[in-house]
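Enquirer: What follows is the residue order along each chain.
There are 2 protein chains.
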Amino acid sequence: MGKNLLVAQSGGPTAAINATLAGVIRMAKEREEIDTVYGGIHGIQGILEERFVNLSELVKDEETMSRLARTPAAALGSCRFKLNDIKEDDSQYRQIVDIFHRHNIGYFIYIGGNDSMDTVAKLSGYCKENGIEDIVVVGGPKTIDNDLCGIDHCPGFGSAAKYIATVFAELEQEMLVYDTKNVIIVEMMGRHAGWLTSAAALAQNRNSNLPYLIYLEERPFSVDRFIADVEEKLKTSNAVMVAVSEGVHDEDGVFICEQISSGKGLDVFGHAQLSGTGKILEDQVSRRIGCKVRSIELSLLQRCAGHILSKTDIEESRTLGSHAVTMAVEGKGGQMSSLRRVSDSPYQVVYEGVDIGKVANLEKKIPQEWINEAGNGVTQDLITYLAPLVEGELCCDYEKGIPCYVKLK
Amino acid sequence: MGKNLLVAQSGGPTAAINATLAGVIRMAKEREEIDTVYGGIHGIQGILEERFVNLSELVKDEETMSRLARTPAAALGSCRFKLNDIKEDDSQYRQIVDIFHRHNIGYFIYIGGNDSMDTVAKLSGYCKENGIEDIVVVGGPKTIDNDLCGIDHCPGFGSAAKYIATVFAELEQEMLVYDTKNVIIVEMMGRHAGWLTSAAALAQNRNSNLPYLIYLEERPFSVDRFIADVEEKLKTSNAVMVAVSEGVHDEDGVFICEQISSGKGLDVFGHAQLSGTGKILEDQVSRRIGCKVRSIELSLLQRCAGHILSKTDIEESRTLGSHAVTMAVEGKGGQMSSLRRVSDSPYQVVYEGVDIGKVANLEKKIPQEWINEAGNGVTQDLITYLAPLVEGELCCDYEKGIPCYVKLK
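Protein chains in written order, with my numbering: chain A, 1 to 409; chain B, 1 to 409.
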């Protein structure tokens, strides 16, 4: 008789995390080692409260599976919850193992980003140290930020990148409409890596020759240099497209947006909540250049756009979920399901496992050599890296003109 | 021998104004009364400078025509330019007629909103008063604001409404992810009418039962009442969806966003540039309720989203363009191409002309009886009105994962 599999989601939502969930469910149904697939509601926090749903029942047919894969956010709910330090207090770990044993859960797939991989590392470490061999913990990657180590690129990033490039392609059309000097500033998410912002470059030179200025947090940002850049571009073009990471900061590491106090403090993992960079730069352009300027903060829209998904991203995300199940059944605990790029053209990846220690709590930044010398644009190498990730289109189903999503809780 | 037709675009861009342009070009090619189709660059302002392109040459094949219909913004460029008062100075009018005569232009279609219809009214009035019978001026409607009189609904509005409802459907998924009290505030465009904001209602009760609060500028807005509304909804739900018009104002007509000085003055038609309503309300929720809250300003994204168009809107917009040509050829100057709804279910419209005097410089607001008593939601009548306008999906073409648009200038 087989064991049950538990899957849960954690961290910030993405447009592809449910595709990975769908991949987990599909493969778990195929493997005879696995009986029932349970979903943990609200991540590890809900698991501690035994908040489970029966996914074998809820996701029965191919239509629901396919629709789930195109439902944004996290259908099982999520959490931002850090397990206690084992050395200080191992009661949460004992509780989780107890719950798993009571529900005959032999496989646990935790889908999340670098913070969530910390949970996978701790929990699988606890099992190993305590000789608990009947529970295999495997990580499933996701993050729009694309900042996970141990993987070529992150599930969810491709769809977010496609959304961002699409927005830039559309805003170009807007910018071409009027016959006056015009600057648009779009602020992208990304705490400590500029990957999302760099996706703007995919729209450049596709529908127009409008100049782009792209500021990534991997380079110190200077407001004066920014203003000089904009002035320079306005000499030869009526319109300038600006892409900026929320987390750009000066030489001393002080965020531009810290110039205004947000009053919102820190979230539980110790990251400052950032916002306002675009507005500050808009204000600067307005005051110092005096031309028409508008800033747009893409905010949550960039990570939940189920109506425009990268086909490549969704398919890879599903496969990574399926691969996580295969890894679990093969006893590869303490690893994350991952993919490695073997070729840019034709684009090809292989699926593999990576040791969770190479992922948890680490961040992958854009290599300095992929940023231009002036620090206001990207190189062809970065575009070559990004291009295949946004290939192909998928979207949600619509009913009477409105997106239609799968509900699991 | 036939005459030439000139078409131009004016006012704020929409996702459907090029569909109307495509409709004009198609019908103009079919009518033997018409020789060449010219496009005026940057509206009436560019026409005064004789900035024309040959659309008969530029839009030759069906593929370009179809792609143009799905290209957002205004492919001919636009302007915000008010013709002088004829009584004070008729030199612009004489100049335009002279230019038209020199280029053998017998038909002029001007696609725009209420301000642009002012141009149509003035120009056709000038022709009539001066016995100029060889120039027919017809208006083509467009505006995402849906505030044109003399038409059931405006081309461009359906696509913007679909985009907004889609955003709300997606944000619902985001809001369901965490297990904490959560408020999201989305600010929509619309200077003096709440139509765009009301489109949020189309997403309500479709994928979840999350409560919505919808504030339209047709009702006086009170920050205190807003806070009380949010508190009330939070009693029974973890998450509250808020839709608010940029132009909500208090009993005295003072815009909420006037609490912060934008320092940007007025645009040439005398409308104040509005922004910041959502941020102000976010700040109020944060201070007075203290729960997690985020505001999103949809800004330009809601009017240029070529990647998610209402099929109904695009098809109607094309037909309105074609119908404008038919009207012009039939000598129906001083009118706007319009549509009238004859049935909600099945949804059916008929195309007709309306006197431009019934459109120019007027604004259509949401009827008070379509807003609920509390002023924080809409009635079923409004939803019945909106629902067919977002039916069906169309999107831009993609090349290598990026939207691909038509360039005409």
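Please keep in mind that the hints were generated in silico from the structure rather than gathered at the bench.
By construction, the Cβ of each residue, glycine as well, lies at the ideal position given by its N, Cα and C atoms.
Heads up, a few of these hints could be off.
To be verified - Listed below are the simulated DSSO-like cross-link pairs for lysine-lysine, each with C-alpha atoms no more than 30 Å apart in a straight line:
#  : chain 1 : residue 1 : chain 2 : residue 2
1  : A       : K365      : A       : K233
2  : A       : K311      : B       : K128
3  : A       : K292      : B       : K407
4  : A       : K364      : A       : K311
5  : B       : K409      : A       : K181
6  : B       : K407      : A       : K311
7  : A       : K29       : A       : K292
8  : B       : K29       : B       : K87
9  : B       : K128      : A       : K181
10 : A       : K365      : B       : K128
11 : B       : K311      : A       : K400
12 : A       : K82       : B       : K181
13 : B       : K400      : A       : K364
Claimed, not checked - Calculated Cβ distances over 10 Å to all of chain A for the following chain B residues:
#  : residue
14 : K181
15 : K235
16 : L300
17 : E399
18 : Y405
Enquirer: All the hints need checking, so say for each whether the structure fits it.
Expert: Outcome of the hint check:
1. Among the hinted pairs, A:K365 with A:K233 is consistent with the structure: their alpha-carbon atoms are about 27 Å apart, no more than 30 Å.
2. A C-alpha spacing of about 57 Å is found between A:K311 and B:K128, which places the hinted pair above 30 Å, so the restraint is violated.
3. A distance of roughly 23 Å separates the Cα atoms of A:K292 and B:K407; the hinted pair therefore holds under the 30 Å criterion.
4. Restraint check for A:K364 and A:K311: the C-alpha separation of about 24 Å stays at or below 30 Å, so the hint holds.
5. At roughly 17 Å between alpha-carbon atoms, B:K409 and A:K181 fall within 30 Å of each other, so this suggested pair holds.
6. Only pairs whose Cα atoms come within 30 Å are accepted, and B:K407 paired with A:K311 is accepted, the gap being roughly 27 Å.
7. With a C-alpha separation of about 56 Å, the suggested pairing of A:K29 with A:K292 is violated against the 30 Å cut-off.
8. Between B:K29 and B:K87 the alpha-carbon distance is near 37 Å, which puts this suggested pair outside the 30 Å criterion.
9. Proposed proximity of B:K128 and A:K181 is contradicted: the alpha carbons are some 37 Å apart, above 30 Å.
10. For a cut-off of 30 Å, the pair hint linking A:K365 to B:K128 is broken: about 67 Å separates their Cα positions.
11. Our distance criterion of 30 Å between C-alpha atoms is met by B:K311 and A:K400, whose separation comes to about 12 Å.
12. For the suggested pair A:K82 and B:K181, the alpha carbons sit about 20 Å apart, so the restraint of at most 30 Å is met.
13. A distance of roughly 26 Å separates the Cα atoms of B:K400 and A:K364; the hinted pair therefore holds under the 30 Å criterion.
14. In this structure B:K181 is separated from chain A by more than 10 Å, as the shortest Cβ-Cβ distance comes to about 14 Å.
15. Chain A leaves B:K235 outside its interface by the beta-carbon criterion, the shortest separation being 21 Å against a cut-off of 10 Å.
16. Distance check on B:L300: its Cβ comes as close as 5 Å (rounded) to a Cβ of chain A, failing to clear the 10 Å threshold; non-interface status is violated.
17. For B:E399, the non-interface assignment is contradicted: its Cβ lies about 7 Å from the closest Cβ of chain A, within the 10 Å cut-off.
18. The non-interface label for B:Y405 is inconsistent with chain A: the shortest C-beta to C-beta separation is roughly 5 Å, within 10 Å.
Consistency with the previously given hints fails for numbers 2, 7, 8, 9, 10, 16, 17 and 18, ordered from lowest to highest.
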